[in-house]
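Listed in order, the protein sequences are those of chains A and B.
For what it's worth, our numbering labels the leading residue of the first sequence as 222, then goes sequentially.
For what it's worth, our numbering labels the leading residue of the second sequence as 506, then goes sequentially.
If you're looking for bench data, these hints aren't it; they were derived computationally from the structure.
Each statement offered as a hint is correct.
Reference excerpt, derived from the structure (chain B facing chain A, CB under 7 angstroms, subset only):
1) Leu683
2) Ile724
3) Phe747
4) Arg813
5) Asp1235
Over the 10 angstroms line for every Cβ pair with chain B, so calculated as not near, a few chain A residues:
6) Ala241
7) Ala264
8) Ile275
9) Ala279
10) Ser288
11) Lys341
12) Val408
13) Asp645
14) Gly726
Glycine included, C-beta positions come from ideal geometry on N, C-alpha and C.
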Amino acid sequence: MFEYLRDPTVLLSTIIFFPAAAALLLCVIPGRHAALIKLTALAATVAVCAASLIPACAAGGNPVSFSLHDGGFQQVVKLAWIPSFNIEYYLGLDGISYPLVLLTTFLSVLALAASWKIEKAVKAYCVLFLLLETGMLGVFMALDFFLFYVFWEVMLLPMYFLIGIWGGPRREYAGIKFFLFTLVGGVLMLIAMLMLYFAGDLTRLSPEQLIASHIAPETAEAVASVHTTGPLHTFSLPALSEMGRLPNSPFAQRQWLGQSLEWWAFLLLFIGFAIKLPAVPVHTWLPDAHVEAPTPISMILAGVLLKMGGYGIVRICYPICPGAAYDLAWFVCGLGVLSMVYGAFAAMAQTDFKRLVAYSSVSHMGYVLLGLGAWSAVAGTQYSTAGWQMGVTGAMFQMIAHGISSAGMFFLVGVVYDRVHHRDLNQFGGLFQKMPAYSGLSMIIFFAALGLPGLCGFIGEFFVVIASWQYSAVMAVVAAGVVILTAGYILWTIQRVYLGPEYKGPHGDALGPLSLREWAIILPLVVLAVVLGVYPRAAIDVMSPSVKRHVEQLTDWTKTRDQTASLSVSPSSSATTPDESGEKGVSRDDRRQWPPVVAVEPNSPLKTAVLHSLQKENDAPAEIGGRRP
Amino acid sequence: MDWASKIPTLLACAWLLPLASFVIILVGGRKLGRAGRGAAWIACGAIVGSFCLSTIALAGWLWINPLAPPADHAHHGPAHASVSSAPEHSRERPAESSLHKSPGSPTAQPLCGIWYTLGEFGSSRVAISYYIDGLTVAMFVMVSLIASCIHVYSIGYMHEELDEVTDEAVRLADGRRLRRPGRFHRFFQHLSLFSFSMLGLIVAGNLAMVFCFWELVGICSYLLIGFYIERSAASNAANKAFIVNRVGDFGMIVGLMVFWAGLGTLSFGDIRNGAGEVVEQGVFSLVRPEKADHDLVIPEGLVRWSARGEISQFARAQAAAGVPAAALPAERIEQWRSSGWGYGLLVLGGLGLFCGCIGKSAQFPLHVWLPDAMEGPTPVSALVHSATMVAAGVYLTARCFPIFVPEVLLTIAVVGCITLLLAATIALTATDIKRVLAYSTVSQLGYMMLALGSGGWVAGVLHLFTHAFFKSLLFLCSGSVIHACRTNELTQMGGLARKMPWTAVTMLVGCLAIIGAGIPLVGGLSGYYSKDAILAQQYVFAAANPHLGWMFYAAAIGAAMTAFYMFRLWFLAFVGKPRDAHVFDHVHESPPVMTGPLVLLAVLAVAVAWHVPLTHWGLEPLLSQARPLGIDQPEFRGLMLASTTIPGEHLSHDASVHTSAALLAFAMGAAGVLLAAVMYAARKLDPADVAGQFPRAYRFLLNKWWFDELYHFLWVRPTMALSRWTAQLDQRVIDYVWDSAARGVTMIARLDDWVDRRMVDRALDRIADAVYRLAIRARGLQSGYVRHYVLAIAVGLVALVVVMSLYWSNASAGW
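This is chain B alone, in the form it adopts within the complex (with noise of 0.2 angstroms):
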């Protein structure tokens, strides 16, 4: 079978199944069954239908790209290896090192192509592509799989949306409580519309679709924050997710266009037509072309944009000389390179594409949306907010890496670990169990940059399969929770293990799983594995970058404060005494069609991150396999900042530095969560004591660092006031001095009238007057009397006489 043509088609249904769920829903509506509960069972079983295509995809991929079985590390590629600025570099290495570049993944040829094109523009063109590596099939078995589980859970969870509602949250002006009728098919219609925006967002083969879709899911996320449409907080919220991610996008847009402008493409992999030819250079290759090893290379295309005033000199004298327009001697380019041009809009396009991935996964400083984006309802955030849609912007960064530089790499793991530290911090006092779950989904976002940023690529990824596992589980269990007390207030709940017992241990597998438990060195739950290699990778960043040795710490702090205030959460709303008795005596626990799905995704919390036992397959070794070539080097330096060094992943799989990241990943968890125990559970230490022992820090933490107020203060009320002053100029100034034009014109008018009036009317009034007098006078003339009328002809004829003689006169001297 020929599954390298069968998998995108595969993939592409898998796709479109949710989008045509969402049109049936869009035109259905409320006739899809009863109070449109038929539109739950179109919409799960479109998704259900993505996840096994995927799963097929899945399977055909590994059959034409099987894994490989784990190699010794003990080759690695070249020595050293930084941006080359003369390819000629590298392709003097010696040949067998890039045998042994990436060990113990062969090289897996991604599948990418063109469905449909949107636009031509000379050789260069927009289209509807795909790219499909292990990456891609992977996150749309994820996808797809977490999306079912949260399809099926949101049937019990949205299920009085099947009536009418009355919305306890929004009272009207006249007191009462709004009573509207439910919306249970919006809701998955939103959804779908959502599955199919992410899947898009996963398959796009260039920047410019996964912009598409990168805004798709972003309207989605604002339909589903806001889908409450009645409450102001959450229409609020739904603002502010789109406005913050808009300016993440502004960023993007940047990169976008440094990269098309100077490569001409924006797909990521090379387009080849029927006979295997390439038609079309990738933004990949082009980066990292093969000739050169994989290894980062100034395009061409950027050198030549960085050098335009150069090339427009060349092409001027070329005319002058009267050389018909001929190409640029390749050893100017060269030359151009090698002097480092082009590498500053490498830099900047990177920046601008990491800008997007800041909005999107919530990173330090566009980070403040997210926690708002909790008033949608909680299967949302589980789907949206925590396992999928923030998670494309690790998914985005981590597809990206081959043209990201040092500086940009450096970029993304202190944003990262900036904002690992500062959710973790903000989540430590929280008490609305979403908003803890929303910080931890910020922080743990964080952790995937810093690894990502730090060189760990199959780290930063394998945490982002791991976490949304996890975490869909741990917000999923917390909708069972709040579903059950109708309350979000950790302070009003207490000792719910005994009414719900299925959700009290799959929400303690999730716990667990998010801190990363297991027995050093020989396993745990999935977040073991993937925190350690973020530990590992820290450590070996550490090692190279001895002056940065500050984020393996925060990085290890980080994960203490994992632990601390995910037990305080679950000791908070599941041991102790009830703390509201109102609410506790109505808990009851969820039914099945909610706890089906909690299980299953606490045993894939569990074991997602296991090889299939007795063979070497499992998600690591696909991530591996999917992992960009030329990446992993051992250190990787930029021009910029040459004493930054970002050492190749393989690095920390060795021996000894992974033993000291699993003692200390283990040392940590232990630490937070024993102290979470002391306080919560045991009630040895009393929280509103230490609270009060640090006054000022902990109205700092629980005001969220003041950052609201902040960028209320920096942002919105200067664009407000600017808005303002804007309108007032249109009308007082703009609008002022054209009216007054007009004005001018009219008193121009009027005074012209005056002047005709006054003047040129009056002048010819006094002219006719004039006449007038002189015809009364000349009146006397016409007496009647024979005797004037006979002295007239007279005097008349004498005139004539004289008159004419004279003519004679003249006539005759000149015959």
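So here's chain A without its partners, still in its complex pose (with noise of 0.2 angstroms):
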């Protein structure tokens, strides 16, 4: 039977559907039997945790490995779908997206263990706890922008009900809220997914662009070499991505109220993540969703969901819309600074303790926006790609553990109100004498949120803290500043709810010590929490190759750029720009020639009169593409 699953497609459909299939089999039990639900859950989600695992642990020989030295997608999955619309059944890994999935499947065998305790309606629970998780699956591993899609929104319906019937006491106000704010994120992307695709025409790749986004050879020489009499729509990430990133790019042409399509894309495709990240100010969803949202659920809300944001910006904005996201940088940077000073000052201000840790989330997640938007190799570095890298790892670092620590603060939480029913921050204290083993571990996680050297939290914090720098020193200088708001509202709540000498709140006889289900899932966030601090490279090296090919595709974008920009800043230049009158009038040779090589002799008059007009102009408006001024 395992053999099976050296097959790359075999693998990773099982990984998405196992879950799915596991919770149409919960269907035939009788809900009277819930701890053998539960159970079933439970091994369903083991299971695919040990799936998830076997690309990381398989041999190098073997198909479905992981390979730490390639930055490009591997165990590439690719079925025809619904083909008139060129459609398909598209999965892969690589370094960004596979220690989501890695995160994601271990998260939720540790929510569903936390879920013992959930007595209503057991089954259902279950059920849409499973369809979540192959939701949150999908999305991480789909590269098929419909399919991406699609799971997206799979994904947001048993949340929906999860918050809304297993909530507390407002949990239908924050269950719509949730389920509305998402869906508005969902449209935008839907509205952007459809003007990519009908602007975008795989008929404009070289072949060797198209190999590149994994269409067989013989594929790519046919599309290549016929000519098709209309554009060939794709909604494949890869094909998108080789697309926005050409120097006349399809989505850069067209213009609507003064900007190019892509800037239109990069904004709707932008609001729909920022809102799932959530950054500030649309991020009022989050604290009501967590606040209502039992235990567990909020764990996979802190621990995975929030990641989609970031990692839809990753795989996705940045890729797609080069341009729109190279000139809106400073938009996704001051969001992030923003969020970061934002979340930090109102969790300061919480007494909900739920509410403290949603609002260190809003800030914490605010360092990846960051980290991902410093677009620090462009021309005055030279193109030096290591702070932008730095920065991207960074940020990928931090969803990493920011999926560890929040999930763990979340878990503790709900550890103590379980036992006393509140969550008020003034009605705590003293819970280092009656719980001395749980109120250590809760340092060690919340120490791990506050950034400290050792523990996950500082790793990406610092990376994404100091990369920034080359980006914008204002920015850098008001993101490293949060790290004192932090250190206050995590100090100032370990001393309220920990420290000092007696238990203030109600219920305090119920205040025993840890149960064993309780260490078997805060203990393995604990040192997890432990091991990426000290031992990063677990997850850097997994991530860097990827992070290295995206900012270097990216950085190579912004030369090619540059260079346009320059040659069409010149006047005698505008017989070497490309000729891109219309998308289809270009020659498929003059395309394959790009950039275009232009021979000039050291003091060509050429060279002169570029020299010339920098001097008098040196802030030119930069064009993309090489667009007649």
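Hints are included, so try docking the two chains, each in its own frame, into the full complex.
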């Protein structure tokens, strides 16, 4: 049976759909066997977790083994799904998605174990939970935009019910709020997706680029050599990204309200993902959802769902719309810094334990935006990729680290909530004496969130902050200042909850030691927090080839862009600008010879003219794709 | 034996032993021995092991880098040096000048290397690496030795924690005293973690690693200050310490960013591969390249960084001309460098790093946390908050000295000078024995910073070492007193010398050491050497910068105040009549496990600065050897404040300077001791009268210059207000907007519903009604009478025929 798992198609499909299949199985178990249902669901999540570890553990020769030297997509699965619209069942893993897949399967196990206290409608709960897992895993593995969108929506509905049925007193409000916010994001994504779909054209890619986006060589030759009458649209994310990075990108051309198509697509996608992340000011669903959601759902929400925002930005926004991303980098970074500061301040004022952790999530996810957006590989640094690479690595690491620390924090809150049934920070105190082991573990998780070296939170924050200086000194300084605020609210929380002479709230007698099940949930999180803190390479080595590829592709794009912009500045050089009077009019030979090689003598009139015009107008408007002024 | 490869391994073991101890105690906890007693032995064993390994490493270091005999100070380098804008300048210097650059110290090549890489980005990397020179090794020995003493002492001091503890300081809501299980093992667990972090900070080979351990010692300090977690004063102090330190760390991060962005490395030294080739240039050799004779040169990376705009233009122009990205012509870099580009970044980076040191070493304006940190157990105050961790700021300043430009050094000196005066004045009136010592620590750290900032590298670092010994001694003595009296208040003590002779004598030694007691020009206790060196450096500094002469006087007055408050403390505690009979009755000398370390530290406080008899080997020559290359220039001027000169340290070795400084220091110290004796021992002058004479000044000092209140008003309250405001904004504005949007949609839906019901639906209903009515009317047609139907058929037929005939006629016309 395990032989089949050597096939990427089987393996990846198993990882995604095994939870859904298990959910189907649960449907036939009578609802009165609650324990059996929980056990089956737990077994399913454990099996998925094990399956997701196969690529990491498989030996080098195995077709499904995950290579740490390949920055591109691995274990690619590509099957026709809806051929008439060129929609494919297209999956794959790379260094950016694989850590998130592992995080998802791992946290699902822990969250399901944390669901043991759920008594209400256990069967429905477990079924929805497993469907949710399918949706989350699908989002991280899909390489077809349409498939991505489908999984995105698949994940949405179970989450809505999980909050809306098993939540706290205001669960309906929180559930519908979560649903609407995410739905709006989804709709914006849908619009952008269709924009890109109809603007994209596979025939504009060279065979090499087609092969790079996993189109079979013979198909690629066919696509490239046959003059099709119309454009060949695609939802393939790698192909869209190849198109987006073309010097005469089809997305950069069309204009609407003075902005290119990709600018609008980027903005729509970015808002959609920023809602999920969440970034200020579209974050307000998060505190409500967290406060009302049951503990395991909070763990999943903070640990996995927020990461989809960051993942979408790095997987979709940046590669497909580099021009807009370049122009809007200040916006992305600015929003990140704003979220960091705002979240930290808001967290400081909370009296509800869960709300505090929720706002700390807003603050911590701001680092992700800042790290992803700090586009420092520009002409001024002579296209040095080191800074941005560090920023993106930091952002990716921060997502993993936050997944661990925030899931841990929500679980820890849940532990006391189960015992004393309140979350008022001013009615705690003295837990250290009642529950010493629990408090010690809590301190570790909280310190991880505080960004203490040696624990997982530090690496991401440090990398991001240090790297962002190369993009903008002001933002970097503000971001660095957040460390003070973070220390403030975390230490104050620790003081109010764990320190002090005695417990101040109700049900003090219930504060007993951790049960074995609780130990089994929190201990892996603590161990991971420490391991990733002292051995960050465990994650960085997986990420860095893909991060490097991502950054280098965009840096090459920046270089080409600057060259084109410089060329288009000079009036005498317009002859060398590629002819792009119509998308279809470009002869294929011209396209392949990009960037155009211009033979210029050292002191040619052309160069003189360029230098001259630069001196006069050193900040010439940056034109993308060599548009004529 | 190949010491160069053994020393890093030795130090790594010395560094990791306490970590192992921490992990064992963490896992074993209370099960180690009876009530966790075994934890103490494990921790002590680990730190003593570290000490042994460090000592072996020191021996090895001296074996490969023997100390040179003191040279005569006749030849001193070039006549002047400033930040060279053009490195050619310095290259033209006569070759022999470099030979005499650092008198008495042959170049000792530091050992640098990487233990393990955390991440690589392009050519830059973040790694766990080491940078080992004489300073590192000496610090290792000092820290592990003092930590060993304090570990042993703590076995005695913390013995109450073995059983159930009744905490007198905490009352529960029902008025009872708090009773809790002892936490003996946890104390040693934290101490081990601290030792590990501190040693890691010292061995660190790059600034990022320094920062990691910087934070780790911070968190250890947090845990140890807040060791009595039930006391709100303790947890408040712990929070304050960590947060104030984070303010400093914020500056440090900015410094790191500057250097990382500009230089692409944070490593101190050059990293070499197996063949001895440099694979990664360190910060030091970038800022002070060997080919520029170790003079400070603005590194190319920083020049490039400040010329980003120009480079961007250049790159674009090149791209426009179709040339692939080529290197920038070197002459442009030189041109920018010579106009001082990048110098501002060097200043900013230096100030940023120093900002971190301000926090850690409790310098003005971030000094407020250290006195509060005395809420921790006294051994912690001795180890963390006087001898080692707070000295880390001074250590880092000394370590990064080569990359500091004169503007930064001047800032360091001024901050140090302000701190030393400020803290000394507060110490004059404090009555809590530990707070007097805490302010004294702040003041002495100010001395070190002052010395470093005014160019006295060896003076400052020497004071770090001597201070570590005598201040840990003083704290342990005060711990012994507190242990016996169960109070911190000097006003309840008195006459303790009779009952606690060992403590009294060792504390007297500590007091004498801190005031720099000695016979001028002959010798004295350890403080004598370091304080003299500092004053001598100040003398030279004042001579070079007449407009900053006040700093010399400040240092001298500080010396007098030090003597006064230290002897005030000693007299109040140990001589005279007991002020509180109840306290006095219970006083007893501490057990040998506590007095043993006192005696050992007292011996070291006396002799640590002495040379090994009959040789030239000692601490000072070791530090002279460790002095970074190129910093001992007669004059060091910056580009921004050209009027300020940082004089070289060798100038202060001049006999006349030395004599003046030594005599002045002696006079000041003697004056302070005499005044203290008059007021507190002989009681010729009533302190209360003096305080009454200057009530405002007295209240001002007693309230610590109102710093806590000021900061509370300036920072804490606005931050809290801002956070509340943000939370309100979140709920009242942002959430309101989204909720209103949702409500708006609901309202549109209702409107739609209304339109649907009232208009669309009603219109449809009307149509339906009309049809119905029409149908009702039409029903009349179906009457049931045959005649009606026949008529209808007839009419229909006629009509049909008419229509068809029309059609036919048209159709036939078509044919």
